[in-house]
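Student: Sequence:
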Amino acid sequence: LRRAAAALGEWRLTGCTLVVTLEPCTMCAGALVQSRVERVVYGARDDKAGAAGSLWDVVRDRRLNHRPEVVEGVLAEECARPLTEFFRGR
Numbered sequence: 005l006r007r008a009a010a011a012l013g014e015w016r017l018t019g020c021t022l023v024v025t026l027e028p029c030t031m032c033a034g035a036l037v038q039s040r041v042e043r044v045v046y047g048a049r050d051d052k053a054g055a056a057g058s059l060w061d062v063v064r065d066r067r068l069n070h071r072p073e074v075v076e077g078v079l080a081e082e083c084a085r086p087l088t089e090f091f092r093g094r
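Using my numbering, read the sequence shown as starting at 5 and increasing by one per residue.
FYI, nobody ran anything at the bench for these hints, they're computed from the structure.
Be aware that one or more of the hints could be misleading.
Said to hold, decoys possible - With a cut-off of at most 20 Å between alpha-carbon atoms, the simulated DMTMM-like pairs for lysine to aspartate or glutamate come out as follows:
hint	residue 1	residue 2
1	Lys52	Glu14
2	Lys52	Glu76
3	Lys52	Glu89
4	Lys52	Asp65
With these hints in hand, go ahead and build the complete structure from the sequences.
Tutor: This is the structure:
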């Protein structure tokens, strides 16, 4: 988000889409709301710490002044596989 804001010369990231493999956590979801990201696209849900629809839904909270569009489950299995493999041995 910082790099995008620096590249645009503006902290408001209106018109921007963030694409990530894993559903954002609460802290990241809050940053997305504050930076006015227009759309969040993610693959794998995070049932333990997700904040864009699974455990929490910070990005759609009606009490907040900005609610980005959320597109979830894009290439979900392909996104989940490397995460599962990484954490399997930990």
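Student: Give a verdict on every hint.
Tutor: Hints versus structure:
no.	hint	result
1	Lys52 - Glu14	33 Å, violated
2	Lys52 - Glu76	16 Å, holds
3	Lys52 - Glu89	17 Å, holds
4	Lys52 - Asp65	19 Å, holds
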